[in-house]
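Protein sequences appear in the order of chains E and X.
Convert by adding 240 to the 1-based position in the first sequence; the result is the number in our numbering.
Going by our numbering, 370 is the number at position 377 of the second sequence; the sequence numbering is gapless.
It is possible that some hints are incorrect.
Distance windows between CB atoms, simulated [said to hold, decoys possible]:
| id | chain 1 | residue 1 | chain 2 | residue 2 | range |
| --- | --- | --- | --- | --- | --- |
| 1 | X | 359 | E | 628 | 29 to 39 Å |
| 2 | X | 9 | E | 532 | 43 to 53 Å |
| 3 | X | 16 | E | 344 | 28 to 38 Å |
| 4 | E | 535 | X | 31 | 55 to 65 Å |
| 5 | E | 344 | X | 31 | 51 to 61 Å |
| 6 | X | 31 | E | 628 | 21 to 31 Å |
| 7 | X | 72 | E | 347 | 15 to 25 Å |
| 8 | E | 329 | X | 24 | 52 to 62 Å |
| 9 | E | 329 | X | 120 | 22 to 32 Å |
| 10 | X | 210 | E | 628 | 31 to 41 Å |
| 11 | X | 104 | E | 344 | 24 to 34 Å |
Far from chain E, by Cβ distances over 10 Å, these chain X residues were calculated [said to hold, decoys possible]:
| id | residue |
| --- | --- |
| 12 | 17 |
| 13 | 36 |
| 14 | 42 |
| 15 | 64 |
| 16 | 69 |
| 17 | 72 |
| 18 | 99 |
| 19 | 140 |
| 20 | 293 |
| 21 | 328 |
Simulated from the structure, these hints should not be mistaken for lab results.
Note that CB positions come from ideal geometry on N, CA and C, so glycine has one too.
For reference, the chains in residue letters:
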Amino acid sequence: MSQSGGALSGVTSSPGLAPGTSARASNGDARLGTDDKKRWYSLKSSFREEQYFLVLSVFIGIFSGLAVVCFRLAIEWAGIGVLGPAPQAHDWRLLVAPPLVSLLIAVIVIHVFPLVRGSGVNQTKAALYIFNGYIPFRTAVGKFITSALAIGTGHSLGPEDPSLQIGASIASVLGRRMEFSREKLRLLAPIGAAAGLAAAFNAPISAVLFVIEEVIGRWSAGILGSVVLSAISSVVVMRWFLGSQPLFRIPPVTFVRPSELIAYAALGIAGGLAAVIFAKAIGYLRPRFRAMPRWSQYFLPATAGLIVGVIGYLGAPQVMGAGYGYMDEAMHDQFTWQFLAILAGLKILATTFSFVSGTPGGMFAPALFVGAMLGGAVHGVAHHFYPHLLGTTASYALVGMGVLFAGFLRAPMTSVFMVLEVSGNYSMIVPVIVADAIAYIISRSLQRVPIFDLLTRQDGLDLPSMEEQREESVLHVEDAMQPPPLPILSSEEPIKEVLERIQQSTASTFLVRCTPSGWTTVTRDFLKRLAGEGKGELSLSSVLPASRLPYLHPDYALEMALRYVYQVPLVPVVSRADYRKLEGVISSEAVLSRYRMTENVPGEA
Amino acid sequence: MASRFNLKLITDNPAVVLATLTIMVVVIFLLVNRLVKRFSEEQLALGRKMYAEAQAAMASGKADRGIEDFRAALSYDPDNYQYQLSLARALRDTGRTAEAEAYLLSLWEHSPQDGAVNLALGRLAARERQLDKTLQYYHNAIYGVWTSNADNDRLNAWFELVQVLLQLGAKQQAEAELISLAAELPHRPDLELRVAELFTQIPDFDHALAEYRRVLQLDRGNVTALTGAGEAAFSLGRYRTADHYLQSAAKANPRDKQAAHLLETSNMVLLADPYAPQIYGQKRLGRIRAAFEIGGERLQACAQSKGVDLKSASTTTEPQNDLQSLHQSWLDQKRRMTRGRNGWTDEMQDQIMNLVFRIEQQTAQECGPPIGANQALLILSQNPNGVER
């Protein structure tokens, strides 16, 4: 770690400190209040805080897993209870049930659980960055009930994002009850989020990556272990109860001919464009729906439910609900490519209306659905023109899922690992990377703001954009470093000789290389005073203080220099290979000057 | 507030916290376990219900509804082999072969040794007239794993393969399979009979006759086997054998017209055959003479039906058609026969019969298949080495 992990980092890397110099302690204990300290001192006798936190992460995972299992049962029961055991096209219940249940959902959301609208990802991010990890338990309950009703009765939404929020809420509740510090409470939200998502998706690696990529935004050693533990715990619980089979069965997938990459690239293009359409439709309609009069908010979910119901009634019940069963069927060649393309389009339409209406539910499953259908359709077209292609529908559907994940949710790393984790087949890595990269580039070019950032901005929040954070260029010490003032003095030199050497120099402060190591500074006035006192024959080392200057390396983040440049006038920047080799110096003026320069160059930093 | 207060007290001691959390986990675990158990039971029950509805729909001819119900059943019990296979079969039977194949292949990937799945895939391949795949999947089925009544299922698959190959016109492969099957077959009249019938369909009358005989060894009075053996022997030109079996068949089942007709024909062949064993001297000459007269009459009748004037042909030197030419030969032969009234040499006897055979073959070609004595002579003509002696 070369830089601070920001609000989430429990461990801050320190620059090298010369012997005798002090730096502010950077571990979590130093930031605890007096009461916290007392408590932790007692705990530490039997249990260290970090270990305790890790064990708690396991409990968060278990509780989240249990909650997600119940959530899945609730969705199934809601679906069976309202739509019957086998909803089929032209069944009147498809027309009637979604709008009626949506009315009930709207009433519950408006009057009982106003914080449960939307997917849950942004709410978790908001809890992390704004509310110090605070997510009311009421939100988890509301999300559970309303999402189960919405998804179960056919709204084109997924259970993953709500599961993520439910997990985060459970973690937050546990943390608050344990009276953890604010910093630890902040850490708990993503831990719970990873657990909830992992259980919902039955894919712990993807869940961890998504939380790091989209919620936390950067790798943070202080939290990674806990996130992994909670995710794995929740998946174990989920598999204990519901079995280890994935949400959809995946036939063996292969990638044999490199020439087939052309078809996968075409899938990347199609997926990228679909992702842009999807995101733009949501981005355009959502603020308009939200701006409608308050009374209309009661009817928006019902309207969306009616639209989804009509689509189902007229012949495409596949777009209703999360649609994992139909993804399974698509991968097993149960639909023609034309129908797959139609389903992809209808799913975008249905999900857009379901989501912008404020109905609680997630966008993971719909994105995967669209990707799978699109992948299958592209396979059908490619196979029509080039029958020699060896890839199966499942291969393309799987890559299509990754493509939408990269293009729509803008989580490229998660998209790649998700496909690998779900398929359990690494032979697909090249097509996945190619297709996902193309979709990501297209999506970024045509839709500058990622969907989750767009939603937070529409909600009037200013949460850090993970994509921007990922790509921001960090200034380093070397960017502000200046040549050292010459000459460089040696601590063994007599003061008299030193005064002669610096006679030609205009600088007032000089660096002194100490023996055996370390650096310090000395001023011209100080040396003149010593010479005036008759100490010209003494060596510098005998008159300089024993403390040494802190030093930096050229690759340190520039913000690190800010800690020292106000304590000492010149901070030496030394080589990592040889601490006696001076690369340059850095001063407060140089740092500020570099930052000012950056502000004048848009796009940099 | 009370719970918060309690937790505040216990949070000072991590051991108590962890113990409390563990107890909570255990309690919730038990509750969720009950819920999941109930959920699973309901899902299985719904699966069974949908499966029953699907079967009912299929039975009443509502294939689309049945398929949807099969899918619904599978959504509640995704690993149920029976549901999967039923859906695949329903898809195949409704002509949705691509979907059926995908489903079956998915099943096959899970259990490539499964006999029923391979059989279904074999049927699908046969439907698409893919001979190699048909053979591959049927062989997998024959040598695969069957859950119950394995021997019977394997034999049925093998029989079906032969029939499928016959339908695909792959007679060589069918014959090879049938020979292998016959070698593996347990001694059961019904199975031997099926094999014999399939040999007849190929047609491989030698093997068919052998199989019918094996049946008759086990069940002397089996009418089907008697008839089949008679027919096979008849087709092989072994009229004496045919006569033997057909007489028994006719006795056992006098209503069988086909057998009766073959018996009659066999009799006529045997009676018309001048080269039959123990036929010497005047008896043989009598048969030759009779054959010669019958052939002449057949020629006259055929020429008449075709409008060919045989009399003018004998007085002109212009080019003659086949019937006229044969008639001329017949007249010439008759003159020679009249001259050699006192005794015909063996060579002459052969010449006469050769002419008769040519007449029968030519008239059959021009005027259609003959009946009665002419049919017998034609059959004799088609067995250049002579009928069974």
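Hint by hint, here is what the structure shows:
At about 55 Å, the CB distance of residue 359/X to residue 628/E disagrees with the hint of 29 to 39 Å. In this structure the hint that residue 9/X and residue 532/E lie 43 to 53 Å apart at CB holds, the actual value being about 52 Å. For residue 16/X and residue 344/E, the Cβ-Cβ distance of about 36 Å falls inside the hinted range of 28 to 38 Å, so the restraint holds. The given range of 55 to 65 Å is broken by residue 535/E and residue 31/X, whose C-beta atoms sit roughly 41 Å from each other.
In this structure the supplied range 51 to 61 Å is violated for residue 344/E paired with residue 31/X, their Cβ-Cβ distance being about 24 Å. Here the CB-CB span from residue 31/X to residue 628/E is close to 51 Å, at odds with the stated 21 to 31 Å. Against the hinted window of 15 to 25 Å, the Cβ-Cβ separation of residue 72/X and residue 347/E comes to about 40 Å, which falls outside the hint. A hinted range of 52 to 62 Å is violated for the C-beta pair residue 329/E and residue 24/X, which are about 38 Å apart.
Between residue 329/E and residue 120/X, the C-beta spacing of about 28 Å keeps the proposed range 22 to 32 Å intact. The hinted range of 31 to 41 Å is not satisfied by residue 210/X and residue 628/E, whose Cβ atoms lie roughly 56 Å apart. With their beta carbons about 46 Å apart, residue 104/X and residue 344/E fall outside the hinted range of 24 to 34 Å. Distance to chain E contradicts residue 17/X as a non-interface residue, since its nearest Cβ pair spans about 8 Å, not more than 10 Å.
Its beta-carbon lying about 8 Å from the closest one in chain E, residue 36/X breaks the requirement of being farther than 10 Å from that chain. Distance to chain E contradicts residue 42/X as a non-interface residue, since its nearest Cβ pair spans about 7 Å, not more than 10 Å. With 10 Å as the threshold on Cβ separation, the claim that residue 64/X sits away from chain E is violated: the shortest Cβ distance comes to roughly 7 Å. At the 10 Å boundary, the C-beta of residue 69/X falls inside the reach of chain E, the nearest C-beta of that chain being 7 Å off.
The beta carbon of residue 72/X sits about 8 Å from the closest Cβ of chain E, which is not more than 10 Å, so the claim that it is off the interface is violated. With a minimum CB-CB distance of about 5 Å to chain E, residue 99/X fails to clear the 10 Å threshold, and the non-interface call is violated. With a cut of 10 Å on Cβ distances, residue 140/X stays outside the contact zone with chain E, its closest approach being about 22 Å. A cut-off of 10 Å between C-beta atoms confirms that residue 293/X is not in contact with chain E; the least separation is 65 Å.
Distance check for residue 328/X against chain E: the nearest CB is about 74 Å away, which clears 10 Å, and the non-interface claim stands.
When the structure is compared with the earlier hints, violations turn up for hints 1, 4, 5, 6, 7, 8, 10, 11, 12, 13, 14, 15, 16, 17, 18 and for no others.
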